[in-house]
Structures are given as C-alpha cells and as structure tokens.
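A.B. asks: In case you want the letters, here they are:
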Amino acid sequence: MDPQNAAHEHTVTRRTMDIVVALLFMGLAGLVMADSWRIGARWASDGPQAGYFPFYVGLIMMVASVTTLLQNLLTRHPDRANFVDRSQFRSVLQVLVPTIAYVVLIAFIGLYVASAIFIAFFMWWLGKYKPLLIVPVAIGVPLVLFVMFEVWFLVPLPKGPLETALGY
Amino acid sequence: MEALSSLIAGFGVLADPMNIVYMFVGIMLGVLIGVLPGLGGANGVAILLPLTFAMSPVSAIIMLSSIYWGALFGGAITSILFNIPGEPWSVATTFDGHPMAQKGKAGEALTAAFTGSFIGAFFAVVLITFMAPIIAKFALKFGPAEFFAVYLLTFCSFVGMGKEPPAKVLAVMALGFALAAVGIDTVTGQLRMTFGSVELLRGFDFLVAVIGLFGVGEILLTMEEGLAFKGKSAAINMRVVLHTWKQLPKFWLGCLRSAVVGCWMGITPGGATPASFMSYGLAKRFSKRGNEFGKGELEGVVMPEVGAHAAGTAALLPMLTLGIPGSPTAAVLLGGLLIWGLQPGPLLFVEQKDFVWGLIASIYLGNIAGLLVVLTTVPLFAAILRVPFSVIAPIILVVCAVGAYTVHNATMDIAVMLVFGVIGYVFKKLDYPLAPLVLALVLGDMAESSFRQAMLVSQGNLGIFWSNPLVGSIVTLALVMLFWPLISAGIQRLRGGGAKHAAAE
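Heads up: the protein sequence lines correspond to chains S and Y, in order.
Residues 1 to 168 in the UniProt record's numbering are what the first sequence spells out, letter by letter.
Residues 1 to 505 in the UniProt record's numbering are what the second sequence spells out, letter by letter.
If you're looking for bench data, these hints aren't it; they were derived computationally from the structure.
Check before you lean on any hint, since a few could be wrong.
Stated by the list, open to error - What follows is a list of derived Cβ distance ranges for each label pair:
{"#": "1", "chain 1": "Y", "residue 1": "Gly-281", "chain 2": "S", "residue 2": "Leu-132", "range": "48 to 58 Å"}
{"#": "2", "chain 1": "S", "residue 1": "Arg-76", "chain 2": "Y", "residue 2": "Ala-54", "range": "27 to 37 Å"}
{"#": "3", "chain 1": "Y", "residue 1": "Leu-256", "chain 2": "S", "residue 2": "Ile-100", "range": "20 to 30 Å"}
{"#": "4", "chain 1": "Y", "residue 1": "His-243", "chain 2": "S", "residue 2": "Arg-15", "range": "29 to 39 Å"}
{"#": "5", "chain 1": "S", "residue 1": "Leu-132", "chain 2": "Y", "residue 2": "Val-21", "range": "34 to 44 Å"}
{"#": "6", "chain 1": "Y", "residue 1": "Gln-190", "chain 2": "S", "residue 2": "Val-151", "range": "41 to 51 Å"}
Even for Gly, the Cβ is constructed at its ideal location relative to N, Cα and C.
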C-alpha cells in the first residue's frame, strides 16, 4: 500500500482502541464496585453480604484493566497498526446501521414485516438485485419463520398492525 | 463393565424412532450452521434451544448435541472448498485442505477431514464412556469448597493456557461474572446492579449474549473482510472415499497423538481451536513429510480435524460429571440442562441415568450418522455457500434476532444482542477472548453460590480451600495456572542464556 493510500485508510491505532476499551472496563469496574459496596460487600453475622462476590469481581476487573492500560501507555513498542481500515469500517457500518434500524422497527411493526423490509433493503442496497429476486426471498423467509414458530412450535414472535389486521 | 451395561441401556433409549429423526435433523442443521458464516456451534445451539423446551430432555439433548457434531463436521467443508474457515477450529484445516482442493483433490481432502473428525470424536467418546462414571462417583464426595476449587481451576487455566494477554483474559472473565451477578441475588434476594431499571431485573441471559457475541459479531467481522466466495467444486464418490481410507491407516500414530491432545484440551477448557493448531503443529514436526505441509498434504488435513473433534467431544466430559463445560458450545448445552430442570454434575449419573447414557449413546450414533450425512451431502452444502453474502447476511441476522427474542419473549433482548454483537466485534479485534466471558456468564451464579457456601461453612476463613489434600491441590494448581504467565516469564529470565543458546542451534 502506498503511503498516501495508507493515510487515507487510517482511522485509529490499535493502541488507542486498547486504551479506550481499558478505560471503559475501568469505568464499568468502578460502577460494579460502587454498587456492590452500596448493598454491602463485607462480612455480616450470617455470612457474606450480597455485594461480597461482585465487589471482588469488580476489583479483579479494575486491576486487570489498569494493567492493560499501563502496558499500552508505557510500552516502548506501541502497536500503531490501524484498528480498522476506513473502507472496512464503511462495510461494517453498512451492516450495522440497517440492523439497528431493523431492531427499532421490530418494536413498532413486529418481527415479520420488519424482517421482510430488512432483507429486501439489504438485497437491494448491497446486493443490487432485481425486484424479481428480492420479493420472493424477502416474503418467503418471514413466511417460513411464521409457519415454523407460530404454527408448528407455537412460539409467538413480536407482531405488529399487519398481523393484527390478519387476525393473529 | 458397569459402564458397558449402562451404555447398552443408553442405546435402548435411542430405540425410539423419533430420537433418531431428531438426530438426523440436528446433524443436517448443524452442518448448515457450520457452513454458514456467523452461525456456529455455540450460537446455533443457543438459537434453537427455545424450540426444544416442549420436547423431552432426552430428545432435546440428542437433537442439540447432534447440531454440535454437525457443526464440527461442517466447518471443514468451507475450509477446504472455500479457504474460509466456517468455525475457528477449522482454521488449521485450511492450511493443507485448500491447497489439496486447488490441486483437484477436494474429494480426498473432504473425506480425510470427515474421517479424521470421526476418529477424534470416537476416541473422545470412548474416553467419556469409561471415565465419566469414575469421575462422577469421585465427585459425589465434593463439597462446596471442592466445587469452587474446580471452578477456580477452570477459570485460571484460561489465564495460564490462553494465548491472549492474561490481563485481557482476566478482564473479560470478570465482566462475565459481573454480568451474571446483575439482577436478584439468589441468596439474600437483594437487587444487584439494576440501577432502578426493570429491564435489568431479569439480569443478562447468556444465550442472548452468545447469539450476539458469536453471531452478530462474526457477521460484522466477515463483512469487514469483504466476502467474495470463490470455491472449488467437489465430487465425492465411493471410489474417492475408499481410496482415501486406504491411505489413512499409516497415520495411526499421528491420529492417536492428536486424539490425546484433543481430549486433554477439551477436558481442560483449552477447547477445540488450540487443539487443532497443536495437532497440526505436532504432526508437522513429527511427520517424515513435514516440509511438505502447507502444500496439500493429506496428513495435514486429518490431524487438526482429529484434534478439534476430540476436543469438542471431550468438552462434554467435565460438563456431565462436574457441571463445568469445556467449551462455549458445551456451556450452552449446560444452560439447556438447567432450563430443562436437570442439575448438571455428579448427581446426574445417579438420578438421570437414562438421560446421561442416552446422550452418550447418541454421541456414538450421531458421529456415525454425521459421517454418512456429510459424505453424501457435500455438494448440497457447497451450493448453499455460493449464495451471495448480501442474501445470506440479512437472513442470518433475522435468525439471530428471532433466537434472541425467543429466549425470554423480550423485544429488549434483541437490542441487547446487538450491543453484544458490537462488543464481540471489538473484543475479537483487540484479542479479548470470548470463551471465558461466556463461561463466566454461565457459571457465575454457581461459582458464587459454591464460594459463599464454602465461606459459610468456614465462617469466612479462606483456609477451607486448603483444608484437605484434594481441595488444597486443586486450588494450588489453579493458582499456579493463574500466575503461569509470570512464572514462565521468570523461568525464561533465569534461563535467559540457555534459551539464546538453544535458539542458535
């Protein structure tokens, strides 16, 4: 890869990500320890209190993350490799963002219709398929799920206005 | 001999034709799961677990464990034909498997891989048959302190034997325990780390976490690599199979070595992935044709598969006898046992004889059936892989969402799954291992309660963990494992001069 292209693909170094994740871990560990301390992390007359075990778990997490943090800060050979290339990151977002939208959609219009829209969108947007191919897949998959779950195994999945209109 | 008569009784359980049907359905689904990116043994079983709630536990475990065998077999198909490991444990299979396929020997490579898998699994299940009752009988004497010691050993071996940085292993493990603690404390009834949220009252279900970490996370990783499946076609017929089988007997010593490595890695929570790499490395070192490895050597395909499958199967031994799963998939199966109301552990061998021996018998039959199924259906599954990723990916994500929802019928869990997916993606990229996280999440409650019971017995004196030779030696071994990275660094420093000398040779 020529340098110009490398600069173009640059996002953050692995070292930066390592530090960020270690800090997040430390924050979480602090939260765990604080909440465990609040409900009692000591020894009561009848045995260990509810927060006893989680408190030490939080402590281990804290020590381990501080170690990772210090290793990354103090090392003489920091890992400056790119965490993810810009183009790769774009591909990941291309999946992640529609999936987030899909999960939000499930809450409003039910899983079946949301799945049909999600599959259709994905095939059209990333696969550049023709509607003739998209429609059977996008309708077929939720239909198979419906038969399998609602009819065969009697496991209800989230439903929306369309299913209600159809009497389910 | 008691084991043999129990085993025969176990085959009696399988005489129910429905169980055989479930077995074949499970294997087909398993191979499919093993072939598809983003779906693997652990999350595949997790997604299908809710569907088995209505079945009897025996049928359910037969189907779910068959999915596991199928997934173990299926991983090899993508490795050899597409050079894409469907499962982490089939990475080592690509080294020689794909070059063989490029030379037009895909059929031979696949036959060798499947047969290797079968040999590994068979070796491990024989071990289970004879070792499990002995270990279970021994473990019946365990008190809470002993159980906690075994849990401790399990978790410490992740630190000592993992190739990831020890601090990161510890951090994810603690994360798993912390997530397991969220919700109502089972002993005192107090709320822990719910921060006033009703959604958090239920705590985090490890099934949802598994589907997110392994399913969604894997899809994101696959997407990053930009998938273009360019596969070799394969034809397997009787002639190729027989021709390959004729070459296998001369590898018996290597197979034995790989099977032993696999069983060891499966029982200790090393898992199938390191087992396959170790088997490959050992075979390369000891084989007369070691220099040819990587260019399409039959032996290089067989050995990692023997190791991986032996490990995958042996992982059930500690799960059944001690209630400690040796791999993430075994952890999900253990979660299943708990949901069906069965307490895994030594008592299972006393109280649920039908269940245990039915399961062990089904491992024998399941692997024979699996071998037949994969040998006959390879073209079918290879065809599935030619379906472009832009069609497969949304369907897999939909299946993951359904799986996450059905665990508790909670829409919120789908969002939780997605968050775990992103966590899984970032962790994988930064060398945080996922297996300890899952195991801690599954075992968190049990480890905590055995710790607290032990502490109650001893009135808070940690000395109970050295109160008798058994518990003392397990705990000491665990601590050695925990500090192994420091110890080995110390040894290396002491022998600094010697190591340099050896390297120069």
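A.B. asks: So which hints don't hold here, by number, going up?
C.D. replies: 2, 3 and 4
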